[in-house]
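Visitor: Sequence:
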Amino acid sequence: MGRLNGKVAIVTGGGGGIGAAIAKAYIAEGAKVLITGRRKEKLEEFAAGLPADSITCFAGDITKIEDAEAMVEAVCAKFGKLNVLVNNAGIDPPGTVVDIPIQQWHDIINTNINGMFYMTRFAIPKMIEAGGGSIINVASLAGVRAIPAMPAYSTTKAGMVGFTNAVALDYGDKGIRINIISPGATATDMLKTGMAGLAKAQDTDIYGALGLLTRFIPIKRAAEPEEMAPAAVFFASDESSYITGQNLLVDGGATVVDPCGASVSSLGKAWGDE
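The opening position of the sequence shown corresponds to residue 7 in this note's numbering, with each subsequent residue numbered one higher.
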């Protein structure tokens, strides 16, 4: 018996990266899944490798209210109900508060916050009809630690925490649970694109750049997208039936590190060494 047998889920941004890994894990555990994204071809290419009766695609934009509502209606029309929503879609263009184009700031807020809000707004009534449900918001280590030149992204990921807490409080008695997964550095296409400049500057490849990025954290490597999926399965399953409003940091231990101490230990030294 799969841990998600009989459950129906939506995974936004489900055509690649962490979203695709979660969708694949859900199907392996017995769920039916609708994946969403802006590019139809990417969604269909991913879905082609999975059982046809367990997955369906919806090409649309979560920042458009009508698309978000249609995604929820589509999964109920296809599979009869909705039990799980994974708010995974997001964007992360860089730029300091002085340098970032104003429209780009609004685009990041619109995708990462408004898109999550729209999907949650339309999903909750369907979940209540189904007897309850679980919402999983994919945030980031950037929501609890500053990342250079990414104030918009960090703001949205921190905002997910407040949103999650509010929904947990308002809908817990309706059978709705909502939690967060906050990945650390994860080797998605989005992060690899972001590392291109560092790789060029250090005369290395993308994985060399990821090694530099993660050299001070305890596990000393970037995660693979598949390493985020077990947490998403747990939060979607009945195993987490008494957990809501929580932020699980899947970060390789990054949040335990003091950067000053890490820089010393990376040299093979300890405090007080001569």
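Where hints are given, some of them may not hold.
[To be verified] Lysine-lysine pairs mimicking BS3-like chemistry, simulated, CA-CA at most 25 angstroms apart: (1) Lys87 to Lys46; (2) Lys132 to Lys226; (3) Lys206 to Lys180; (4) Lys70 to Lys84; (5) Lys46 to Lys70; (6) Lys180 to Lys48; (7) Lys132 to Lys198; (8) Lys226 to Lys206; (9) Lys48 to Lys70; (10) Lys226 to Lys180; (11) Lys87 to Lys226; (12) Lys198 to Lys46; (13) Lys180 to Lys198; (14) Lys206 to Lys132; (15) Lys132 to Lys180; (16) Lys198 to Lys226.
None of these hints come from the bench; they were simulated from the model.
Visitor: Compare the structure with each hint and give your call.
Guide: Evaluated hints:
no. : hint             : in the structure
1   : Lys87 to Lys46   : holds (23 angstroms)
2   : Lys132 to Lys226 : violated (42 angstroms)
3   : Lys206 to Lys180 : violated (51 angstroms)
4   : Lys70 to Lys84   : holds (21 angstroms)
5   : Lys46 to Lys70   : holds (16 angstroms)
6   : Lys180 to Lys48  : violated (36 angstroms)
7   : Lys132 to Lys198 : violated (36 angstroms)
8   : Lys226 to Lys206 : holds (21 angstroms)
9   : Lys48 to Lys70   : holds (20 angstroms)
10  : Lys226 to Lys180 : violated (42 angstroms)
11  : Lys87 to Lys226  : violated (42 angstroms)
12  : Lys198 to Lys46  : holds (22 angstroms)
13  : Lys180 to Lys198 : violated (40 angstroms)
14  : Lys206 to Lys132 : violated (48 angstroms)
15  : Lys132 to Lys180 : holds (12 angstroms)
16  : Lys198 to Lys226 : holds (17 angstroms)
In this structure, the earlier hints numbered 2, 3, 6, 7, 10, 11, 13, 14 are contradicted, and the remaining ones agree with it.
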